[in-house]
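> The chain contents come next:
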Amino acid sequence: MSIRVRFFASLREQMGYSEKSIAFEGLATVSDVLERLDKARILDAQVLYAVNMEYANSDTPVKDGDEVAFFPPVTGGGP
Amino acid sequence: MSIRVRFFASLREQMGYSEKSIAFEGLATVSDVLERLDKARILDAQVLYAVNMEYANSDTPVKDGDEVAFFPPVTGGGP
Amino acid sequence: MKVEVCFSALEPWAEIRSYQERRKDLDGKFGATACFIGTMRDFNDGDGVSRMTLEHYPGMTQRHLEKIAAHATERFPVLDVLLIHRVGELSPNDPIVVVAVWSAHRGAAFDACRAIMEELKSTAPFWKKEILETGARWVAKNTPG
Amino acid sequence: MKVEVCFSALEPWAEIRSYQERRKDLDGKFGATACFIGTMRDFNDGDGVSRMTLEHYPGMTQRHLEKIAAHATERFPVLDVLLIHRVGELSPNDPIVVVAVWSAHRGAAFDACRAIMEELKSTAPFWKKEILETGARWVAKNTPG
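Protein chains in written order, with our numbering: chain D, 1 to 79; chain P, 1001 to 1079; chain L, 2001 to 2145; chain S, 3001 to 3145.
Treat the hints with caution; some may be incorrect.
[Claimed, not checked] Chain D is nowhere near these chain S residues, computed Cβ spacing over 12 Å in every case:
1. F3007
2. E3015
3. R3017
4. L3026
5. K3029
6. H3105
7. G3107
[Said to hold, decoys possible] Computed footprint of chain D on chain S, listed as stretches where at least three residues anywhere in the stretch have a Cβ under 8 Å from a Cβ of chain D:
8. 3033-3039
9. 3051-3060
10. 3117-3126
Since the hints were derived computationally from the structure, they do not count as laboratory data.
A quick note: this is a predicted structure, and the numbers were derived from the prediction, not measured.
Yeah, the Cβ is synthetic: ideal placement off N, Cα and C, and Gly gets one too.
Construct the entire structure; sequences and hints are all you get.
Here's what the structure looks like:
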């Protein structure tokens, strides 16, 4: 019963790790996942959320085994 | 003392020739050139004018040695 | 800038690549390349087309294409423009026109590439005669983009 | 449709040409091909950039690029889309992204190609880290097109 949490780019560097597994108990939404992590640090970064590789928001529900990702604004493509 | 007159595409086929030389005497504008030719046939074709390879209109002045071209709407490029 | 009327088979990708390679001075300066290739189809206006003749006005056509390319570099912040247009006898699937625009940022390249095509379609002296099963016809008018 | 995350040097012209050659079924059907190539510059925001790392989210990036390409085919009457985006270590002048769109008429190809780039820039999970003389920095935000 766990959630896989992943971080990318500057947020990964800020957090100091790229992923961690957290216990699922007590988690209903992305918001709850955030509460369990170092929330202040994450929110500083205008962070975007994804649940199972789809964009999500703080109200998006999570279930056991989900992958929840946090990352900064995207910067792909050419100039 | 002459003007070189040229026709392109469907207008060339309609006229039956691609170019002719006409005497300059009495020609002040493209309009005058048109009068000297088979005007009705040319005007039927929504024709465009060029003088010395620049787009022109019926009031554009012509001088001895000029090249005056008449052609239908252009259809270059891809679909 | 390279502007050309092309009398034999046009190879768009080779043209763009080799032109870009020649512009070594632009290396690292351009972030965006927008291209357009117009290609002959085997149908038009509901009819099958087996061949096409592209007529032009030698001299005026070249001069006018140069004007169109220069006009785009005046209107948009672009670094370079390549514009080549085919004339003569064409078969379906033959490239007709290639436009490539290099710029620092993407907006200018997109804008200039499209503006060149629109100006070309409405003003460059070219005329298409299509060969159908039932005979030949001149294309009467270009459609707006 | 071909959508790919590319881990080694990207060759835009070869990619477009070889993909088009494989789509023999489109021969004679498309009249328009619009392409965009994004290329790494040696400057950004007033600073010289010597190298760049492009990070992505394996899995989500691929899926999201496929969505963007599919979205364009729903919104515009296009025949096919090619979309390839580079990741990893890049040097100035390296191609970053290639988009190619085939359609019967030019308007749809231009519209779709640009729409794909705008959606990609604002939503596709890629992150750029630039190496400057003075150190490394993450690009904070994409500029609008």
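> None of the hints should be skipped; say for each whether it holds.
Taking the hints in turn, this is what the structure says about them:
no.: 1; hint: F3007; in the structure: holds, 15 Å
no.: 2; hint: E3015; in the structure: holds, 15 Å
no.: 3; hint: R3017; in the structure: holds, 20 Å
no.: 4; hint: L3026; in the structure: holds, 26 Å
no.: 5; hint: K3029; in the structure: holds, 29 Å
no.: 6; hint: H3105; in the structure: holds, 26 Å
no.: 7; hint: G3107; in the structure: holds, 23 Å
no.: 8; hint: 3033-3039; in the structure: holds (count 4)
no.: 9; hint: 3051-3060; in the structure: holds (count 6)
no.: 10; hint: 3117-3126; in the structure: holds (count 8)
Violation of the numbered hints given earlier is absent; every hint is satisfied by the structure.
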